[in-house]
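Assemble the whole structure, with the sequences as input and the hints as a guide.
Chains as they are written, first to last, in our numbering: chain A, 36 to 342; chain B, 8 to 711.
Hints listed in this document are in silico derivations from the structure and should not be mistaken for laboratory results. You may find that some hints are simply not true.
As the list claims (entries may be wrong) - DEER-style ranges, computed between Cβ atoms:
| # | chain 1 | residue 1 | chain 2 | residue 2 | range |
| --- | --- | --- | --- | --- | --- |
| 1 | A | 142 | B | 618 | 53 to 59 Å |
| 2 | B | 415 | A | 295 | 56 to 62 Å |
| 3 | A | 311 | B | 507 | 55 to 61 Å |
| 4 | A | 192 | B | 410 | 31 to 37 Å |
| 5 | A | 121 | B | 701 | 47 to 53 Å |
This one's a predicted model, so the numbers in the text were calculated from it and none came from an experiment. All residues carry an ideal CB built from backbone N, CA and C; glycine is no exception.
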Amino acid sequence: MKFITLVIATTMLLLLTASPASGQDPNYSREGADSCLSCHDDDAVLALFKGAHANPSDPNGPFGHGQLQCEACHGPSGDHAGRVRRGQERPSPNALFGSETATPVSTQNGFCIDCHTDDTGFGWHGNDHDTNEIACADCHTSHTAQDPVLMTATQPEVCFECHQQQRTQSLKPYAHPIRQGKMDCSGCHNNHGATNELQFAQQTLNDTCFSCHAEKRGPYLWEHAPVAEDCGNCHDPHGSNHPGMLAMRAPMLCQSCHSQAGHPSLPADGDGLPGGAPSQFMLGQNCMNCHTQSHGSNHPSGSRLMR
Amino acid sequence: MNGNKKKLSAAIAATLILPTASLAQVDTSEWQCEYCPFDDGYRAEVNAGVSYVSDDAARFGNGTGLDEKGAYLDLGGTGRYRKNGTDVSWYAEDLGLDSRVLSISAGRPGTYKLGLDYRELPYRQFDTTSTVFTRTGAGDLTLPSAWVPAATTDGFTALDASLMPLKIEKDRQILELSGEYLPTRNLNLFADYSRQQRDGVSVMTGSRFTQSAYLPRPIDDYTDQINAGARFSVGAVNLGLAYYGSFYRNDRDSLTWDNPFTSASGLEQGRLALEPDNDFQQLSLTGIYRTATLNTAVAFSAAMGRGEQNAAFLPYTISSVIAAPALPGTSLNGEVDTSNYALTVTSKPLDKTNVKFSYRHDERDNQTPVSTYSRVITDTFPTSDAETNTPYSFERDRLSLSGGVKLFNSVRVSAGYDRTELNRDYQEVAEQTEDSGWGKVRWRPTTYLEAALRGGSSRREIDAYNTDVAVSLGQNPLMRKYNLAYRYREFAELTLSASLPEKPISIGMSYLYAEDSYTESELGITDSEEDRINVDFSWAVSDATSLYLSAGSDSIDASQLGSESFQGPAWQASHDDSFNHYGGGFRIAGKNEKIDLTLDYTRSDGETDILFSGQNVSSNPLPKLESTMDSLRLVMNYRMSERMDLNLGLRYEQFETADWALDGVQADTIPVVLTMGADAYDYDVWVVGIGIRYRIDTGKSATN
Chain A
36 MKFITLVIAT
46 TMLLLLTASP
56 ASGQDPNYSR
66 EGADSCLSCH
76 DDDAVLALFK
86 GAHANPSDPN
96 GPFGHGQLQC
106 EACHGPSGDH
116 AGRVRRGQER
126 PSPNALFGSE
136 TATPVSTQNG
146 FCIDCHTDDT
156 GFGWHGNDHD
166 TNEIACADCH
176 TSHTAQDPVL
186 MTATQPEVCF
196 ECHQQQRTQS
206 LKPYAHPIRQ
216 GKMDCSGCHN
226 NHGATNELQF
236 AQQTLNDTCF
246 SCHAEKRGPY
256 LWEHAPVAED
266 CGNCHDPHGS
276 NHPGMLAMRA
286 PMLCQSCHSQ
296 AGHPSLPADG
306 DGLPGGAPSQ
316 FMLGQNCMNC
326 HTQSHGSNHP
336 SGSRLMR
Chain B
8 MNGNKKKLSA
18 AIAATLILPT
28 ASLAQVDTSE
38 WQCEYCPFDD
48 GYRAEVNAGV
58 SYVSDDAARF
68 GNGTGLDEKG
78 AYLDLGGTGR
88 YRKNGTDVSW
98 YAEDLGLDSR
108 VLSISAGRPG
118 TYKLGLDYRE
128 LPYRQFDTTS
138 TVFTRTGAGD
148 LTLPSAWVPA
158 ATTDGFTALD
168 ASLMPLKIEK
178 DRQILELSGE
188 YLPTRNLNLF
198 ADYSRQQRDG
208 VSVMTGSRFT
218 QSAYLPRPID
228 DYTDQINAGA
238 RFSVGAVNLG
248 LAYYGSFYRN
258 DRDSLTWDNP
268 FTSASGLEQG
278 RLALEPDNDF
288 QQLSLTGIYR
298 TATLNTAVAF
308 SAAMGRGEQN
318 AAFLPYTISS
328 VIAAPALPGT
338 SLNGEVDTSN
348 YALTVTSKPL
358 DKTNVKFSYR
368 HDERDNQTPV
378 STYSRVITDT
388 FPTSDAETNT
398 PYSFERDRLS
408 LSGGVKLFNS
418 VRVSAGYDRT
428 ELNRDYQEVA
438 EQTEDSGWGK
448 VRWRPTTYLE
458 AALRGGSSRR
468 EIDAYNTDVA
478 VSLGQNPLMR
488 KYNLAYRYRE
498 FAELTLSASL
508 PEKPISIGMS
518 YLYAEDSYTE
528 SELGITDSEE
538 DRINVDFSWA
548 VSDATSLYLS
558 AGSDSIDASQ
568 LGSESFQGPA
578 WQASHDDSFN
588 HYGGGFRIAG
598 KNEKIDLTLD
608 YTRSDGETDI
618 LFSGQNVSSN
628 PLPKLESTMD
638 SLRLVMNYRM
648 SERMDLNLGL
658 RYEQFETADW
668 ALDGVQADTI
678 PVVLTMGADA
688 YDYDVWVVGI
698 GIRYRIDTGK
708 SATN
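Right, here's the structure in full:
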């Protein structure tokens, strides 16, 4: 018990030391947003007031009562707003946003996460975007009425700026309706958190797939082993040249696991096409011409996934 | 309570009540925000118009709802009301189509928010299909009274007169209600409920030993999902507790169909099981603790779930003339317990270094009872074989360690090691490990240029390939299933992004190479190679004009060995997949912001070349699988007045495939399979549209 007490007490001490220091008196502007807007009055800046951040009724928002207005995000920028002597370069604001600014990514993100702790910033620390030093502003636009990355139709293109390979896959003939603007990346991926390897929205890849394809969850009486383990064994969810987003064309896909003597192991050639001896193992749904329950069967006679 | 417990409780209490210090002590009493143009009142934009689609094309309607020739109503818009702390917003898209979206949210920012979302998603697969089956009121599939059964499809003399067109399509409707309440800044309570309803027709196949028929299977099911919980923060600790529930319900447990092929008396019908109802519930706890000590964050998550499926069993056979043994039970009592635990520690112990450690455990523990079943093969042949079900379980543990250091202010070097262990039951491989090592160099000499090279290798090893299991399943003992086989992988990835200082031009490029070798597989996949390259270019020519170009190429080549004679390799095959796309577009805003013009064009080509060689392979190769798509979209917006715009839209899409699985395959082409005769995709569709956008603005840009 002493050991546990020691561990807990040490943890508490760390918690206390981790709390932000109080009593700072950094150099803020004299008049807050009015100092900023007396110069920055162009449409690009003022678009902020059409969005969610500039709501004076939000007590926790940057423009809520007693909040720090522009400097809630751009940091104390009294030097920037103050007078400069002739010939002296005006100091930059405390923080500017985006990869092409000199403000360190950790500083930029710190401003965002200080407020967004309980929602989108909840799992940020240590996730892959954080580790790879992705700035919040690389994806998000706050000076706008509607942030494109928060809209289903426009979000994928924001993600594709970095994830180019996924853009290519999404254009393949058989893909989720991303190209049509009816599905977004965050439907499957938790971009702000997740402790699984590909930041899935649910705990695992299969759990993520089941959130839309719940009929395949089972458990079935007769399970198909690779299905129970990983949908990605057969499907490429970002897009494929093959129907059903299958990773390969059957029968080769099935033959990469199934090797029973006889029909499962027959090679395929042009003789099995119409005009020759049309093959039930190649044409139409090929293997699934009979084994229609490839995701599992609950029929007592369905052990071969035909029922 | 003894002394130690008192100390412990006091320590915990001290932490929990520790107030969060304000970021800064700033006197904002004089910050009037007089120049702040706060948006107040009601503002909305409403789009209304009409589009005309030139041709029927199921695939073009997939996701869009524009699958039939004719006119469609274009309706949509967005709006927001903000007054006295209340914020209401709505969004509507494609209200005249089967892909409609309607979203409404209301609340007081920082206090509560309620949301209602309704979406429809059309899935359009084929409109060239036809069937001989008619669905009865109960949903069973019957043949026409004049149907003439035969042993093979060429004997179906009543086929032509019996075929009826039937589209293969389904619709998904999603209704979601959400709520969020923030009683304090540090506490967030949330609850979401959604229902996904599906209805339509898909294709299943009903088989009778060596024959089968394509069945138009009705879909009518729904899934309710609940996600509720709380997130709160205390000092440097964030914690979240959540409940997730998924409840799938299918009104139909089976599909009964008349056999179109010759049947013995009493064996004229077959029956398939449809997806059974299932429940899944999960509790999860997540948290993050941040400390300034070594600049460290510790994140954890723990989730425990249970899935259940207990739908009543169908009998072994629908036939009354087959004497089948008793079932071992009336239902499966299927139960799967899941557990997922993760711990991640990231730290920046020195200014220019970072390290990351993560561990994750995922488990699927299938507790479904194992019983013995004696199947009736395709509702025709009873067997005395005793088969036991194999409820698959697995445990997967993944350990990762990585670190990086910044050198010379412009170079960052990092490296990592991952190990994954996978334990299964009932399969050929019980224990499997994969070790991966990688290194990465990132060079960022300026904020305008960044290049990164990442490379590494991984080795998947197995304790043993249990050929007894393989043989018991009828498998060739030389087969190494591709997800269970030894594999060595090498990979490299190069990324480059650049922009010009003071010039709004940016270029992005990425190249990925991966090669897999399955050197211990005598049968199955033996090797594969993947190359992916992508290039983007964008240029904001002026405030009014911008353009972009984009291109990408994927190539995935795989080889495998097979044997139909239960011996060593008798044939080999290659499966070469490639896909290329390129496109571009521009945006032009005309003088005085009167006209906006947007154009996007994409061209893509896919090709798969499958080539078998060896024993019993003819010299007549399979033709290539090919697809080409041209997609063009042109939108012009003319600002007629302060409140009204005129929109003109033009859209063109051409899609063409060559697919040997469908080309020339009519309903009776395959002697032992009655198909629906779907055609390979081949369409050209034009869509022209005209509409107006009307702005409503009863608000004002208020300033304090």
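Going down the list of hints, with the structure as the test:
One distance hint, 53 to 59 Å for the beta-carbon pair residue 142 of chain A and residue 618 of chain B, holds here, with the actual separation near 56 Å. Distance hint check for residue 415 of chain B and residue 295 of chain A: the Cβ-Cβ separation is about 60 Å, which falls inside the suggested range of 56 to 62 Å. Taken as a hint, the range 55 to 61 Å holds for the pair residue 311 of chain A and residue 507 of chain B, whose Cβ atoms sit roughly 59 Å apart. Between residue 192 of chain A and residue 410 of chain B the beta carbon distance is about 33 Å. The supplied range of 31 to 37 Å therefore holds.
As the Cβ distance of residue 121 of chain A to residue 701 of chain B is approximately 52 Å, the hint placing it in 47 to 53 Å holds.
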